[in-house]
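Student: Required output: the full structure, derived from the provided sequences and hints.
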Amino acid sequence: MVDWTPRLLVCDDEDVQRNILNEILTSAGFSAVTAGSVEEGVAAFQKAMADGQPIDLVLTDLKMPGDTEGLDLLQQVKDIDPRVEVILMTAYSTVRSAVQAMKLGAFEYLPKPFDKERLLQVVNQVIDKLRLVHENRRLRELVGGEDRHRMIGSGAQMQELFRIIDRVGQTDTTCLIRGESGTGKELVARAIHRGGARATKPFIAINCAAIPESLIESELFGHEKGVFTGATTTKMGRFEEVGEGTLFLDEIGSMKYDLQAKLLRVIQEREFSRVGSAQLVPFNGRIVAATAQDLEELIAENQFREDLFFRLNVVPLEIPALRERKEDIPTLVELFIRKGQERLGTTVQGVRPEVLEAFENYEWPGNVRELENVVERLLVLGDSEYLDATLLPPQIRDGEPRRSVAGQAVREPVNAAPEGSNGQQGGSGLDGSGDNGFDSMDSEFALPASGVVLEDLEAGLIRQALERTGGRIEPAAQLLGITYKTLQYRIKKYDLKTIQGDARRRS
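Per our numbering, the very first residue in the sequence shown carries number 9; after that it's consecutive.
In short, the hints are calculated from the structure, not lab data.
Possibly wrong hints are sitting among the right ones.
Said to hold, decoys possible - Within a straight-line C-alpha distance of at most 25 angstroms, the following computed BS3-like cross-link-like pairs (lysine-lysine) qualify:
| no. | residue 1 | residue 2 |
| --- | --- | --- |
| 1 | 71 | 55 |
| 2 | 137 | 86 |
| 3 | 71 | 124 |
| 4 | 55 | 86 |
| 5 | 243 | 264 |
| 6 | 243 | 209 |
| 7 | 86 | 71 |
| 8 | 124 | 137 |
| 9 | 347 | 137 |
| 10 | 120 | 86 |
| 11 | 270 | 243 |
| 12 | 233 | 264 |
| 13 | 120 | 137 |
| 14 | 233 | 243 |
| 15 | 71 | 120 |
Since this is a predicted model, take the numbers as computed values, not measurements.
Tutor: Okay, here's the thing in structure tokens:
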């Protein structure tokens, strides 16, 4: 929660009444200053503003000595700071003055006499509203302002990402956003769009993996009437609809190979044609692509065009996984609770420390999207002001080891041999001297109780295959059941080129 103490101003020309109000408020834990006239009240309000401790709530009597009244104070403080809230108090209540007070922006109109409980009830209503405003303002400041990125990130990786977004947003450069599922790739794309001259133009997002192959070409480029069954009219595609805006192509690695050539032409020539037409249509928009896949591996397997990759990857933006920036989890949780308050109408104020501890021990394979879904689950199922760990899904509550999408083991591998291995320790598998907990590389695989690091296991298998074939890639690929190019890519990925050369020399 936000560390914020509201400041109040009490304005009443009667000393006794003013002192009573001040005592009620301070005894309830509020910080208040007092004034005996509209002029004193305005002066006190301005001084607090100049001192950097602005007044949040003004309580003023309606009737004041002279030609001024509480409505004048209301109007003047609202002119100085429109965010301030005002409660008017009067023993001379009239419909006209009440209506006028509300029109000028008063929060409440309290007729005298009123009791202490009623006063504190109204004051607390104002403070609850102001606290929510301050919390939302703080969250916006954490991401650099209300309209900056609408993303949370205090670590070095996220700050560098924000810096790149600021730079590329002011250009028309093609960008490739890379990150695991749920990290917020579309948020980054929208931030790039909002950061430049195209901000007022359309932003159109299309998921290349979610549209059937038979329809995606027509969806992107449009089609002419009668070109296929069901094409009863000429249809504009997304490249045409976006105009001078930004077209966001999510999951670009799922685009079929022959369609990639047409996309490459659009990027290079800035023009395209509808399906069934030879007429060229100019493309005036910007392309931002995103992927959760390893495009270099797809290139090695002839599933993605290398020339298209180079065209898209002019400015790469890497979004770190949530497990790599767990310092942002508490702030993200706050943000999602605020969103839930607005959308679900919940009165939940936060989560208990054990919930945050469970969150920080979990590896979040679904990243920020998974965290948001879990917080929403808590808000829907919870019925208390602060939610506890009993509402968490079992795998998060019990700290169950999970593996990330990228295949990194959450739990550190244990070198002790699994039960039943006669106490013999297994090696890393990288040099062929160990077995990573398997009885034999030629036997049926069984996952050891201690777990494995999949990438270490894969590198060890590749090393052994190369040693067995004397460093020859093609027969090694056959042993591993993968293609020649895929093995080439993985040798490079695990930096096994030296091993390959050593194997050749030994043969």
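Student: Does each hint hold? Answer for all of them.
Tutor: Results of checking the hints against the structure:
Note on residue 71 and residue 55: the hinted pairing holds, with a Cα-Cα distance of about 24 angstroms set against a maximum of 25 angstroms. At roughly 17 angstroms between alpha-carbon atoms, residue 137 and residue 86 fall within 25 angstroms of each other, so this suggested pair holds. For the given pair, residue 71 sits about 20 angstroms from residue 124 by alpha-carbon distance, which is consistent with the 25 angstroms threshold. With a CA separation close to 15 angstroms, the supplied pair residue 55 and residue 86 stays within the 25 angstroms bound.
Restraint check: the Cα-Cα separation between residue 243 and residue 264 comes to about 21 angstroms, which is no more than 25 angstroms; the hinted pair holds. Restraint check for residue 243 and residue 209: satisfied, since their Cα atoms lie roughly 21 angstroms apart, inside the 25 angstroms limit. For the proposed pair residue 86 and residue 71, the alpha carbon gap of about 18 angstroms is at most 25 angstroms, so the pair holds. At roughly 20 angstroms between alpha-carbon atoms, residue 124 and residue 137 fall within 25 angstroms of each other, so this suggested pair holds.
For the proposed pair residue 347 and residue 137, the alpha carbon gap of about 15 angstroms is at most 25 angstroms, so the pair holds. For the proposed pair residue 120 and residue 86, the alpha carbon gap of about 24 angstroms is at most 25 angstroms, so the pair holds. A C-alpha spacing of about 18 angstroms is found between residue 270 and residue 243, which places the hinted pair at or below 25 angstroms, so the restraint holds. With a C-alpha separation of about 24 angstroms, the suggested pairing of residue 233 with residue 264 holds against the 25 angstroms cut-off.
Taking the CA atoms of residue 120 and residue 137, the gap is near 24 angstroms; set against the 25 angstroms cutoff, the hint holds. Annotation: proposed proximity of residue 233 to residue 243 holds, straight-line Cα distance about 8 angstroms (limit 25 angstroms). Our distance criterion of 25 angstroms between C-alpha atoms is met by residue 71 and residue 120, whose separation comes to about 12 angstroms.
Consistency note: the structure conflicts with none of the earlier hints.
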